[in-house]
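Asks: Given the coordinates of chain A, assemble chain B onto it according to the supplied hints.
For the protein sequence lines, the chains are A and B, in the order given.
Residues 1094 to 1302 (the numbering used here) make up the first sequence, in order.
Residues 1094 to 1302 (the numbering used here) make up the second sequence, in order.
Mixed in with the good hints, there may be bad ones.
Below, computed lysine-lysine pairings styled on BS3-like, alpha-carbon distance capped at 27 Å [what the hints assert, rightly or not]:
1) A/K1277 / A/K1296
2) A/K1296 / A/K1115
3) A/K1277 / A/K1138
4) A/K1138 / A/K1100
5) B/K1138 / A/K1242
6) A/K1138 / B/K1242
Quick caveat, the hints were computed from the structure, so don't treat them as lab data.
Protein chains: 2
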Amino acid sequence: MRLYDCKTAPSPRRVRIFLAEKGIEIETTQIDLWGGEQFSEAFRKVNPDCVVPALELDDGSCISEVVAICQYIEEMHPEPALMGVTTEERAHVSMWNAKVEQQGLWAMADAFRNSAKGLQGHAVTGPDAYPQIPELAERGRARVLQFFKRLDTQLADHEFVAGDSYSMADITALVLVDFARWIKILAPDDLADLARWHGEVSKRPSAAA
Amino acid sequence: MRLYDCKTAPSPRRVRIFLAEKGIEIETTQIDLWGGEQFSEAFRKVNPDCVVPALELDDGSCISEVVAICQYIEEMHPEPALMGVTTEERAHVSMWNAKVEQQGLWAMADAFRNSAKGLQGHAVTGPDAYPQIPELAERGRARVLQFFKRLDTQLADHEFVAGDSYSMADITALVLVDFARWIKILAPDDLADLARWHGEVSKRPSAAA
Chain A
1094 MRLYDCKTAP SPRRVRIFLA EKGIEIETTQ IDLWGGEQFS EAFRKVNPDC
1144 VVPALELDDG SCISEVVAIC QYIEEMHPEP ALMGVTTEER AHVSMWNAKV
1194 EQQGLWAMAD AFRNSAKGLQ GHAVTGPDAY PQIPELAERG RARVLQFFKR
1244 LDTQLADHEF VAGDSYSMAD ITALVLVDFA RWIKILAPDD LADLARWHGE
1294 VSKRPSAAA
Chain B
1094 MRLYDCKTAP SPRRVRIFLA EKGIEIETTQ IDLWGGEQFS EAFRKVNPDC
1144 VVPALELDDG SCISEVVAIC QYIEEMHPEP ALMGVTTEER AHVSMWNAKV
1194 EQQGLWAMAD AFRNSAKGLQ GHAVTGPDAY PQIPELAERG RARVLQFFKR
1244 LDTQLADHEF VAGDSYSMAD ITALVLVDFA RWIKILAPDD LADLARWHGE
1294 VSKRPSAAA
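Bound-form chain A, shown alone (with noise of 0.2 Å):
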């Protein structure tokens, strides 16, 4: 197996955290995102999407998309199981790591990818060109905001984002709040659940992944 990794992305520092929880070292390439290596000829011919993570297996096929490499590498390394181990357990896990993505990751990707004076003509990831939408960039940042106040809320109850142990949807979450961060979406200080919950997640070493 082969990891196409972006040491400074956010997704795939997902899959970086997952594996270091697993404690699985694998093979990495580094694809400069910066340098636009991502849309080199031969990149292209590993991930036509133009995207990392993407996951090499030994046959020489290749998977993308975070929540299908992390599935990959569960079912091959089920200990420890960071997607659940009941039917129960399993549907909460996925229910949040989508919840998470679809409320706090991508509007966070609108509101980077819409703004950041590097990605003009770049807005969406992917080879082809959309201009951004500073509109779009503004609602973005104002999601992301109103997700910290909702995580704040389910970690209230739980100790983690999905219940009583550590998941995959803690690495999203803790991915998501690290990179807003960096593009200055700070959570509020009167989160406090979300605080306690973010102090916690930073100190286990996968964090440094």
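Replies: Same frame as chain A, but now just chain B:
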């Protein structure tokens, strides 16, 4: 189990088709999305995100998000498998389902929700008010048309979206193509493989769900 559904909306149709393929019938409650019933106090107790589908389990807890609902049903009723059988197949179904969602379904939602007269102030699903962004509606239309080309390319080499077997990725793509047509985003006639596939999956009895 009880499914909270809306007969005319695309997301719950994904679950209805999934259930029909499994041959499962469950109790269903229709939520009148166009009348705003999703924002009622009663439904907020079921799903505070104010969206359908939502699956209420026998213990009273609720699973939302299509991918989590389908995963739960797949684990409870494994035959016929709609999310792949081997680890590799399961990763491919998960990957293609995510691609169809992100590049197709969410782009279509951008097109619809940012232009429909009845959705002014509700440009994002959920309880929060966001104004429509007409430029985003246009971008959404362009992205859906672009994605139809990618689907056509994939279907030139594969009978179904994720490979040799009908799967959840076909269900997501069928709902995309049909709802896009309803909002007048039509797949160009020269996408012959997409048309062949659409004809085949539309003939399955589940497509009427």
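Asks: Are the Cα positions of A/K1296 and A/K1115 separated by 27 Å at most?
Replies: 16 Å, holds
Asks: Given the hint that A/K1277 pairs with A/K1138, does the C-alpha gap stay at or below 27 Å?
Replies: Not satisfied, since the Cα-Cα distance of roughly 35 Å exceeds 27 Å.
Asks: Going straight from one Cα to the other, do A/K1277 and A/K1296 come out at no more than 27 Å?
Replies: 22 Å, holds
Asks: Hey, B/K1138 versus A/K1242, does the alpha-carbon distance stay inside 27 Å?
Replies: Measuring from Cα to Cα gives roughly 18 Å; hence the hint holds.
Asks: Is the hinted pair A/K1138 and B/K1242 satisfied, with a Cα-Cα distance of at most 27 Å?
Replies: 18 Å, holds
Asks: With a cut-off of 27 Å on the C-alpha distance, tell me whether A/K1138 and A/K1100 pass.
Replies: 21 Å, holds
Figure legend: structure checked against the earlier numbered hints; the only hint not met is number 3.
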